[in-house]
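**Student:** Take a look at the letters that make up each chain.
Protein chains: 2
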Amino acid sequence: MSSDPRPAEFPSSGLERALPHSPGLRPAEAPSPALVFDTLFAYQRTAALRAAIELDLFRAVGEGPGDVGSIARRCSASERGIRILCDYLTILGFLSKTDGRYANTATSAMFLDPRSPACVASTARFLGTPELQKPFESLAEIVRTGRTVLPGEGSVEPENPVWVEFAHSMAPMMAPMAAPLGSIVLNGSEGPVLVLDIAAGHGLFGIEIARQNPQARVVAVDWAAVLEVAKENAREAGVADRYETKPGSAFEVEYGGPYDAVLLTNFLHHFDHPTCVALLRKVRAALKRGGRVAALEFVPNEDRVSPPMAAAFSLTMLATTAAGDAYTFSELRTMYREAGFGDVTAHPIPTAPHTVVVGRAV
Amino acid sequence: MSSDPRPAEFPSSGLERALPHSPGLRPAEAPSPALVFDTLFAYQRTAALRAAIELDLFRAVGEGPGDVGSIARRCSASERGIRILCDYLTILGFLSKTDGRYANTATSAMFLDPRSPACVASTARFLGTPELQKPFESLAEIVRTGRTVLPGEGSVEPENPVWVEFAHSMAPMMAPMAAPLGSIVLNGSEGPVLVLDIAAGHGLFGIEIARQNPQARVVAVDWAAVLEVAKENAREAGVADRYETKPGSAFEVEYGGPYDAVLLTNFLHHFDHPTCVALLRKVRAALKRGGRVAALEFVPNEDRVSPPMAAAFSLTMLATTAAGDAYTFSELRTMYREAGFGDVTAHPIPTAPHTVVVGRAV
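As you go down the protein sequences, you meet chains A and B in turn.
Throughout the first sequence, residue numbering follows the numbering used here, covering 1 to 362 in sequence.
Throughout the second sequence, residue numbering follows the numbering used here, covering 363 to 724 in sequence.
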């Protein structure tokens, strides 16, 4: 075996092929085992970033002076551990290293140092929830059966506590999308509007509409424990007097209305086509004629492999739900039409990998 | 919070920034949360590739015709699961997709389809060993204490069965290095030589020397269960009559000798500096005067953050050993000199991320 004249080309800079700050990419069709090994080791990247966030390392580096000793003291950690972790984070592009001192890169300074208002470090908590990650250890079995190994409906089982964690920790990821979504939904209307926010979570999307339009009233639906987070956020935003909640399942709770608009954010992807259509029918019944439904979704192109982040989200739905998916626009449009909506349009959010899909009750 | 005018730029093609086949990279200093989210989701890449290997998907795709239905039948898996997994593998660069049919990329055809003699798919078994991966779930704690959460010496505890798995499954990764290592160690010598192979594992390195030089005799040291794999490989290679084994710890077993050369492959990185020096002294004592020791190692540059794959290996040693590391050449040279070696030279292996560090007993 050892004399096999295999044409293995294994560049010593293997890992950099998968790294965003790498200058030299090679053609996709030049075979190299580097991609295989990079991928088999990719779980370490997630572990390293999570550990750094848990240790509050990006604050420690950001405050300087950036030598191993002072970072280790601020993080209450060993110098050996800090040195190796910081080197690894430098390789990934989260830190820079000059003369043995580390500094946050622009990305880390803005999105990982807790002193930045745009910090998204808290999202590591939800994205690292064992319930959402564990199924990936059984992914071959999930591919065999075509559904999550979690019981029942998976992550969308009633009162699942992961959605409380979602409400607490994912707001910073969703916040940049709230303003564009609000504009799309309000569509210039300035008068009194009544808006239903289904699967409200942290509530930011409905709250943003109440902020953009002082005559807007918002009704939020989610599990009771989740709505506590949304109510707190509504109080902080000063819109609590126009913010009402309806605890329960989006499929069972009485919506009331009729509404001018309904938000369906990060929700349809958890369910199969018939379930989505049934929900959209219920939504349509709660809308005024001409009212708008707006779903915030990962919407891959029709090829289902681009853009990468939206398309890759299908795997999370395979692993954690019974029958969810990242639906293409044509699939969503079909659902909307079957549920009685017209004028279905897609609005990609420029600052995010998400798309808002709007339909009008006809 | 939602009205925060944060400058988040989140390109809809986020994932591609971390993907090797991506055409458009952006400057490292343009802040984007995409790298953060790519990294928090990176564990899914490992899970997807492992699942595909477990399902024998690359053979199924390679044999064609590549539609979801026929791949699902060959893999005894659901069409939904196969479709989503194949799309994800396409995003990562392992498959291509044309008109709904999948094909192996050049990398997968050569390194993941079991019909290829260069297939390295078996390495997923060792690299996915729970004992080696579990510690990464406690990485913050490991950084705090500076050592693995595994008991004792971690992965190098006596008779650890992971090294049997290593011997069985890692040969395809190591095989391309055997011929260059053999040439470096033999250094043109054609007469009778006696070679000691410490931590022999699969035995490929010593066996290759026996193949390159018909007058070479090889003595292999490793745990008894591991040596069974090496002996089987020596038989298959037709060199069993010149292949002897000494079961036990490299630190305790009587080496015999004197030897013309000693191989120390993938071994020094598990231990701290004083332990490496002690072992090298023992090696030197077993060498003829002028004899050579050759260590196969991941050797990062002095900056410890390049080349990426060699430098990143430090994190694996932090997570799985008590005090191991990926040592720089200057660190290794110091160890060699302290142990009585001279003429210390580094020989990067062109087809691999590894380097052979040679010293001469003086």
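Derived by calculation from the structure, the hints in this document are not laboratory data.
Ideal placement from N, C-alpha and C gives every residue a C-beta, glycine not left out.
Heads up, some of the hints might be wrong.
[Said to hold, decoys possible] Straight-line Cα separation of at most 30 Å, DSS-like style, residue types lysine-lysine; simulated pairs:
hint, chain 1, residue 1, chain 2, residue 2
1, B, 608, B, 650
2, A, 288, A, 231
3, B, 650, A, 134
4, B, 496, A, 134
5, B, 593, B, 644
6, A, 246, A, 282
7, B, 459, B, 496
8, A, 231, A, 282
9, B, 496, A, 97
[Stated by the list, open to error] Cβ pair distances, simulated, as ranges:
hint, chain 1, residue 1, chain 2, residue 2, range
10, B, 710, A, 350, 53 to 63 Å
11, B, 426, A, 168, 41 to 51 Å
12, B, 461, A, 67, 17 to 27 Å
13, B, 435, A, 159, 36 to 46 Å
14, B, 392, A, 240, 49 to 59 Å
15, A, 74, B, 513, 54 to 64 Å
16, B, 710, A, 236, 56 to 66 Å
17, A, 272, B, 611, 38 to 48 Å
[Stated by the list, open to error] Chain A stretches covered by chain B per the calculated footprint, using a threshold of three residues with CB under 8 Å from any CB of chain B:
hint, stretch
18, 130 to 140
19, 151 to 160
20, 190 to 201
21, 219 to 232
**Student:** The structure should be examined with respect to each hint, and the outcome stated for every one.
**Tutor:** Right, here's what the structure says about each hint:
The hinted pair formed by residue 608 (chain B) and residue 650 (chain B) meets the criterion: a straight-line CA distance of about 19 Å does not exceed 30 Å. With a CA separation close to 26 Å, the supplied pair residue 288 (chain A) and residue 231 (chain A) stays within the 30 Å bound. This hinted pair does not check out: residue 650 (chain B) and residue 134 (chain A) have alpha carbons roughly 54 Å apart, beyond 30 Å. A distance of roughly 12 Å separates the Cα atoms of residue 496 (chain B) and residue 134 (chain A); the hinted pair therefore holds under the 30 Å criterion.
For a cut-off of 30 Å, the pair hint linking residue 593 (chain B) to residue 644 (chain B) stands: about 24 Å separates their Cα positions. Taking the CA atoms of residue 246 (chain A) and residue 282 (chain A), the gap is near 15 Å; set against the 30 Å cutoff, the hint holds. The straight-line distance between the Cα atoms of residue 459 (chain B) and residue 496 (chain B) is roughly 34 Å, outside the 30 Å bound, and the hint therefore fails. For the proposed pair residue 231 (chain A) and residue 282 (chain A), the alpha carbon gap of about 24 Å is at most 30 Å, so the pair holds.
Pair hint residue 496 (chain B) plus residue 97 (chain A) holds up; C-alpha atoms about 29 Å apart against a cutoff of 30 Å. Between residue 710 (chain B) and residue 350 (chain A) the C-beta distance comes to about 45 Å, which lies outside the given range of 53 to 63 Å. The given range of 41 to 51 Å is respected by residue 426 (chain B) and residue 168 (chain A), whose C-beta atoms sit roughly 48 Å from each other. The given range of 17 to 27 Å is broken by residue 461 (chain B) and residue 67 (chain A), whose C-beta atoms sit roughly 56 Å from each other.
In this structure the hint that residue 435 (chain B) and residue 159 (chain A) lie 36 to 46 Å apart at CB holds, the actual value being about 39 Å. Look at residue 392 (chain B) against residue 240 (chain A): about 38 Å separates their beta carbons, and that is not inside 49 to 59 Å. Evaluation of the 54 to 64 Å hint for residue 74 (chain A) and residue 513 (chain B) yields a failure: the beta carbon distance comes to about 29 Å. Taking the beta carbon of each, residue 710 (chain B) and residue 236 (chain A) are about 57 Å apart, inside 56 to 66 Å as hinted.
Residue 272 (chain A) and residue 611 (chain B) have their C-beta atoms about 57 Å apart, which leaves the hinted 38 to 48 Å range violated. For the stretch 130 to 140 of chain A, the stated coverage by chain B holds: 5 residues have a C-beta nearer than 8 Å to a C-beta of that chain, and at least 3 were required. For the stretch 151 to 160 of chain A, the assignment as covered by chain B is violated, since 0 residues bring a beta-carbon within under 8 Å of that chain's beta-carbons and 3 are needed. Closer than 8 Å: that is the beta-carbon criterion, and the stretch 190 to 201 of chain A has 0 residues meeting it against chain B, so the requirement of 3 is violated.
For the stretch 219 to 232 of chain A, the assignment as covered by chain B is violated, since 0 residues bring a beta-carbon within under 8 Å of that chain's beta-carbons and 3 are needed.
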